[in-house]
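As they're listed, the protein sequences go chains A and B. Residues 1 to 308 in the working numbering are what the first sequence spells out, letter by letter. Residues 1 to 308 in the working numbering are what the second sequence spells out, letter by letter.
Just so you know, these hints were derived from the structure itself, not from any lab. There may be inaccurate statements among the hints.
The list treats identical chains as one, so a pair stands whether inside a single copy or across any two.
When the alpha-carbon atoms are kept at most 20 Å apart in a straight line, the in silico SDA-like pairs for lysine to any residue are as follows [said to hold, decoys possible]:
#1 LYS95 / GLN253
#2 LYS182 / GLU288
#3 LYS114 / GLU283
#4 LYS38 / GLU228
#5 LYS63 / ALA74
#6 LYS114 / GLN149
#7 LYS254 / GLN290
#8 LYS38 / ALA302
#9 LYS63 / PRO75
#10 LYS114 / PRO146
#11 LYS20 / GLY269
#12 LYS182 / ARG28
#13 LYS20 / GLY133
#14 LYS20 / VAL30
#15 LYS114 / GLN255
#16 LYS114 / PRO151
#17 LYS34 / ASN270
#18 LYS20 / VAL91
#19 LYS250 / GLY300
#20 LYS20 / GLU283
#21 LYS34 / VAL73
#22 LYS114 / ALA276
#23 LYS182 / ASP66
#24 LYS297 / PRO256
#25 LYS250 / ARG240
#26 LYS95 / ASP118
#27 LYS20 / GLY120
Computed from a prediction, not measured in an experiment: that's the story for all the values here.
Protein chains: 2
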Amino acid sequence: MATRPRIEGVLSPVVTPFGKDLAPEAGRFVRHCKWLLKSGCSGLAIFGTNSEANSMSVDEKAKLLDALIAGGVAPAQLMPGTGHCALTDSVALTKRAVEAGCAGVLMLPPFYYKGVPDEGLFRYFSEVIERVGDERLRLYLYHIPPVSQVPISLALIDRLLARYPGIVAGVKDSSGDWNNTKAMLDAFARSGFDVFAGSEVFLLDTLRHGGKGCITATGNVNPGPIDEVFRRWRSAEADRLQAGITATRKIVQKQPMIAALKAIIAHFGNDPQWRAVRPPLVELGREEEQALIGELKASGFAMPGLAG
Amino acid sequence: MATRPRIEGVLSPVVTPFGKDLAPEAGRFVRHCKWLLKSGCSGLAIFGTNSEANSMSVDEKAKLLDALIAGGVAPAQLMPGTGHCALTDSVALTKRAVEAGCAGVLMLPPFYYKGVPDEGLFRYFSEVIERVGDERLRLYLYHIPPVSQVPISLALIDRLLARYPGIVAGVKDSSGDWNNTKAMLDAFARSGFDVFAGSEVFLLDTLRHGGKGCITATGNVNPGPIDEVFRRWRSAEADRLQAGITATRKIVQKQPMIAALKAIIAHFGNDPQWRAVRPPLVELGREEEQALIGELKASGFAMPGLAG
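Isolated chain A, as found in the complex:
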């Protein structure tokens, strides 16, 4: 088994730019990814919830992954989302990511059927792991019950970790519930299982309890200050730094998150096409955007180097 060090720090679930025809735009995508990596992100969780990943086909995602690597981004910094409702789709994109050398994959449970038993989810993840059949696979479970409606229970993690140690590598907890993140940390952080907070609001607490970082929407626009909390979490400044990134998060999340992130990138990057979202999402209205940008500017928010 490979012993390459695991990814940690601040990962951004990269928003996906779409053109006027709503097709994914590789050029803008690669540029934004490179800006993120030079601005504080240690990794890129492309194809996450905030990437509108489920609004794209497997083929569209595979082409963006290829473009990103061809564009010079190191696969070792990538943790693509590869979980779909269809077993065969998840296998196809996971295999592609592993073969490309990605650090890991972040996998949603199949999310169409609700109330499925843990046994069914165990079989699902097992099938993916067995079919990919590659010791290089590092699978991070994606717990986001407010959206997926299908939770990853502690009992399921325990069972998967026992069956696939080394392969089952961690979790992103987007429950929004610190008690749940803490329960995951208490149960598994000492078992080679890397817990990432799903929001920077919980970054400092996560690090203090043995977690490895955060994978956060707002990483798309505020990577530097979030990374500063990660780098300086043991310092006397940590609580003050955490308060700063939490305040920024709270401004952004007053609006629908994905449209808000794209409006911010469009504004601070002087690139209006960034506002486009795929249906069923809708871009921000003019007034919502003005309120958002106004409040961010008043707070001292900036995206250095973006508009260059």
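With the hints as your guide, set chain B onto chain A.
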């Protein structure tokens, strides 16, 4: 615009057989579809919730559709489910269905993001219709909030019907709420919009209020008696016939529906491989299956011609 008569009656969301390797099995699928059509179904809503459609890739579904037509089933009897989270997936399978000559398509809303505005859903269905760009398209909306968690509101139907008359052809209401079905019937049944109940429990009520039939899970195993309610709904026997199919439904739905349907087909068709489901679903346990089959037999249930 084509004036071919619209499909009506009893449609079965056909369960999908999987082999030991969990691959879809075209042979068993075509045989079951033909049994359904000779046993009372007027149409087949392949690739529905009960078909584990979202557990299959677009390519797997396209191949099953091809096999079905090559196997001699008339496309005019087919209403495949073609709604996916990804716009491009929905367009691809819908286009394929229209080009194959299918009677219509049954389209889920994109179901990953929750709480999306009607404006986003309107844009989604509009994009699909415009990209398919074929006057032959008959689009039936699929309202199943207990599973999709994304409802199709009356306001959305109104807007789509006004923009795409003739193309937006109807709805399957799987809300499980007769008041909602009745509201759809009252609002749209006289506007060339065909309302199908999502369960035969509501078949007679639906027909009495101007609806066109039902698209029901249990159609997979009990098509004859359900079709008898459809054919004789104006007769003096209608209420008695309805009570009979409702009683059978209530036996089946004591167990998880898809696994139960497959266990019934496996048992009465003497074909154990039919029990296979794709993860995250799990087949029935032995005791659950014995209880189900025992209760069905005691009620006089049969599947004539299945094991032939």
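Structure-based check of each hint:
For a Cα distance limit of 20 Å, the shortest separation of LYS95 from GLN253 qualifies neither inside one copy, at 34 Å, nor across copies, at 38 Å. In the homo-oligomer, the alpha carbons of LYS182 and GLU288 never lie at most 20 Å apart, since the shortest distance is 35 Å inside one protomer and 38 Å across protomers. In this homomeric assembly, LYS114 and GLU283 come within 20 Å of each other (Cα to Cα) only across copies, at 16 Å, whereas the closest approach inside a single copy is 29 Å. Taking the closest pair of Cα atoms, LYS38 and GLU228 come within 20 Å of each other only inside a single copy of the chain (13 Å); across copies the shortest separation is 69 Å, beyond that limit.
Proximity of LYS63 and ALA74 under a CA criterion of 20 Å is satisfied intra-copy only: 16 Å inside one chain copy versus 37 Å between copies. In this assembly of identical chains, the alpha carbons of LYS114 and GLN149 lie at most 20 Å apart whether taken from the same copy (7 Å) or from different copies (9 Å). Taking the closest pair of Cα atoms, LYS254 and GLN290 come within 20 Å of each other only inside a single copy of the chain (13 Å); across copies the shortest separation is 53 Å, beyond that limit. In the homo-oligomer, the alpha carbons of LYS38 and ALA302 lie at most 20 Å apart inside one protomer (15 Å), although the nearest pairing across protomers, at 68 Å, exceeds that limit.
Taking the shortest Cα distances, LYS63 and PRO75 sit within 20 Å of each other inside one copy (14 Å), while across copies they are farther apart (34 Å). Taking CA atoms no more than 20 Å apart as the test, LYS114 paired with PRO146 passes in both settings, with 12 Å inside one copy and 8 Å between copies. Taking the shortest Cα distances, LYS20 and GLY269 sit within 20 Å of each other inside one copy (18 Å), while across copies they are farther apart (53 Å). In the homo-oligomer, the alpha carbons of LYS182 and ARG28 never lie at most 20 Å apart, since the shortest distance is 37 Å inside one protomer and 48 Å across protomers.
Proximity of LYS20 to GLY133 under the C-alpha cut-off of 20 Å is restricted to the inter-copy arrangement: shortest distance 18 Å between copies versus 39 Å within a copy. For a Cα distance limit of 20 Å, the shortest separation of LYS20 from VAL30 inside one copy, 18 Å, qualifies, whereas the shortest one across copies, 42 Å, does not. Taking the closest pair of Cα atoms, LYS114 and GLN255 come within 20 Å of each other only across two copies (15 Å); inside a single copy the shortest separation is 27 Å, beyond that limit. Taking the shortest Cα distances, LYS114 and PRO151 sit within 20 Å of each other both inside one copy (10 Å) and across copies (15 Å).
Proximity of LYS34 and ASN270 under a CA criterion of 20 Å is satisfied intra-copy only: 17 Å inside one chain copy versus 59 Å between copies. In this assembly of identical chains, the alpha carbons of LYS20 and VAL91 lie at most 20 Å apart only when taken from different copies (17 Å versus 31 Å within one copy). Proximity of LYS250 and GLY300 under a CA criterion of 20 Å is satisfied intra-copy only: 14 Å inside one chain copy versus 62 Å between copies. For the identical chains of this complex, LYS20 and GLU283 are intra-copy neighbours only, at 13 Å inside a copy versus 45 Å across copies, given an alpha-carbon limit of 20 Å.
Proximity of LYS34 and VAL73 under a CA criterion of 20 Å is satisfied intra-copy only: 7 Å inside one chain copy versus 52 Å between copies. For the identical chains of this complex, LYS114 and ALA276 are inter-copy neighbours only, at 19 Å across copies versus 30 Å inside a copy, given an alpha-carbon limit of 20 Å. Proximity of LYS182 and ASP66 under a CA criterion of 20 Å is satisfied in neither setting, with 36 Å inside one chain copy and 50 Å between copies. With identical chains, the CA atoms of LYS297 and PRO256 are at most 20 Å apart within one copy only, with a shortest distance of 19 Å there and 53 Å across copies.
Only within a single protomer do LYS250 and ARG240 lie at most 20 Å apart by alpha-carbon distance; the minimum there is 16 Å, versus 60 Å between protomers. In this assembly of identical chains, the alpha carbons of LYS95 and ASP118 never lie at most 20 Å apart, being 24 Å within a copy and 36 Å across copies at closest. In this assembly of identical chains, the alpha carbons of LYS20 and GLY120 lie at most 20 Å apart only when taken from different copies (16 Å versus 40 Å within one copy).
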